[in-house]
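Visitor: Protein chains in written order, with this note's numbering: chain A, 1 to 193; chain B, 1001 to 1460.
A hint or two may mislead.
What the hints assert, rightly or not - Calculated Cβ distances over 12 angstroms to all of chain B for the following chain A residues:
1) N49
2) N60
3) S142
Claimed, not checked - SDA-like, lysine to any residue: derived pairs with alpha carbons at most 25 angstroms apart:
4) A:K155 <-> B:K1032
5) B:K1455 <-> B:M1439
6) B:K1032 <-> A:L77
Derived from the structure by calculation, the hints contain no laboratory data. Nothing here was measured: the structure is a model prediction, and the numbers come from that model. Using N, Cα and C, we set each Cβ at its ideal position, and we do this for glycine too.
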Amino acid sequence: MDSKEYILGRFRRNVGKKYDMPDLGSIAGITYPDPLVQFINITQTNGSNLFELKPGDDINKLIMECYPDAKTIASSLPEIRIANRNPETVASARDLDGTDVGVVRAELGVAENGCMWVPQQCKEKVVDFISENLVILLPRDSIVNNMHEAYRKIKFNSYNFGTFIAGASKTADIAQVLVVGAQAARSCTIFLV
Amino acid sequence: MSTSHSRLADKFLENDKYAQWHDNTFWGVRQKRDRMADEVPEWEQLRQMASDIKRHTITHLDRYLEQFEANAVKNGAIVHWAKDADEFNSIIYGILREHDVKKLVKSKSMLTEECEMNPYLEAHGVEVVETDLGERIIQLNDQKPSHIVMPAIHLDHHEVGQLFENKLGSEKDNHDPTYLTYQARLSLRHEFLTADAGLTGANFGVAATGDIVVCTNEGNADMATSVPPLHIAVMGLEKVIPDYDSLAVFHRLLARSATGQPTTVYTSHFRTNRPTARKMHIVLLDNGRTEWIANPQHWETLKCIRCGSCMNTCPVYRLSGGYSYSYFIPGPLGINLGMLRDPQAHSGNVSACTLCLSCQNTCPVKVNLGDQVYQWRQQLDEFGTANKQKKFICKGMDAVFTRPKVYNMATDNAHLANHIPSFIMECGLNPWAKGHKMMKFPKKPFHKLFKDLEKDEDGK
């Protein structure tokens, strides 16, 4: 008998009373008078920078103003003309090491916790994590109230990977002192587009 | 006779200053958790839902695991089933050998601790590198985690600084946490870039979609799966949940309960390998779980989502530290999991509970941890691990408390015991005198006082 059959057989013999699934539709998920305002507030508390793009603004110029010393900029987004590395065409994920700024697109933002849904959008998703600084372009009309709404809306593409990102990477593993910039991005800047 | 826990707790308490810091630090995390919970008006409803979803899923595990496997395979992953730790380790090593893996980077996984996977792989010549900063610190220091979410909490920044001087070549006497974190980042970046495979645990497996969901703040699980050409995800059977509606409930509870954040920085959903990597492997581990389900008093421990909030709030954990427990998971959760695993080996932990029940009142999935500790204590005699002195004294109390005459005589004369010198009353033979002075018995016992009062009332 293989292990799967053994495990499932033992479970079926041992399980006692069975419980029904609760009705999750009855959850009164938190909502906000203006989810965008809540989203902007929460990104401040998680240490992200946030700018609202106005008509006529050039995103390329604004990114360079945020990161004036950036030399290597990685993005597969066509509107990011300042990109000099393309995660879609690099030979290997390793080639994106040393990226000063990575620019990616998020599809949805969550007001309650600042999460942004970033489905994989190019061959090497490592751009989301390996870049020293991460720039996320987020449609301002995409903000939902809470995770219940978010999980009903998010979509996967054929890459079959997606991640919620809420700011820069962080840790408090040394003596519980909060340090921003652990193994992934050391800063996060959001542009509402 | 002290329990193994109380003996080790004594050692922990020798460093008074550190013990106080430890206590305050975790109480601070508990307070952050409370602030987060207060911001969510439907918090208690979420906890009840989470508990109900888990009760349902765990009692229908066969259905959900098969659904999870079918969807994961449809997504392009390879799914393995492991009965126990030995099979788990040999499956992992088999995959690594097949792909000629010399170096494995991994994110934090209590499952691999449970199976003692690292030493097994190292004995077979695979270099294993932990990439969660806390896990990396204790790996370099050749230690085990002292907390499931904050594994290096037993070390201060000077100890980490000295460790990094020796192991990573960091600047001498620069023990600034920000600097040290950056040194670890540089060192781990090199490991990510040169590893042949990445291994992650799983916070959740979603049956309806086949997702492996991994939550981190550091982004280390993502680095470990975005650079090396192979991803292995490992998951205990009980981590499977039905669907995204359920996931939303757990996601909202997990980070708020664990560290008092509204979310972890990264919540990654893996369905298959990246286009430039080999097929993703998923290893499902039983290792006792389908036996524990048969235990009517203790099966609900399987609901746990490993947030660690029961440890943060536990007054005994806060003042005794992770290393005072004999099981690799400490605190209220670890007491119960240890007893399920091997009651003879881990009975020494069940004393580490004041039955304040703070753990089960904060638990996001309502595991009745404190109630279970109480129940384990009732079974110690069956396991042959009851304290013999306490048993003897209990027999004596039984003889007194069931006979009113004997009881009255004893309480009338109890004050005479006040004259017994304290070195006799508080000697090692009296297990209740440990850590506190014996009480002074009153000349008049309570029921006499009460009767006298009644007489006075009647006389008026």
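Visitor: Next step is simple, just say for each hint if it's right about the structure.
Guide: Verification of the hints:
Listed as outside the interface, N49 of chain A is consistent with that label: its C-beta sits roughly 15 angstroms from the nearest C-beta of chain B, beyond the 12 angstroms cut-off. Residue placement check: N60 of chain A keeps its beta carbon more than 12 angstroms from all beta carbons of chain B (closest about 26 angstroms). With 12 angstroms as the threshold on Cβ separation, the claim that S142 of chain A sits away from chain B holds: the shortest Cβ distance comes to roughly 17 angstroms. Restraint check for K155 of chain A and K1032 of chain B: not satisfied, since their Cα atoms lie roughly 32 angstroms apart, outside the 25 angstroms limit.
This hinted pair does not check out: K1455 of chain B and M1439 of chain B have alpha carbons roughly 28 angstroms apart, beyond 25 angstroms. With a C-alpha separation of about 39 angstroms, the suggested pair K1032 of chain B and L77 of chain A falls outside the 25 angstroms cut-off, and the hint is violated.
Hint violations for this structure: numbers 4, 5 and 6, all remaining hints satisfied.
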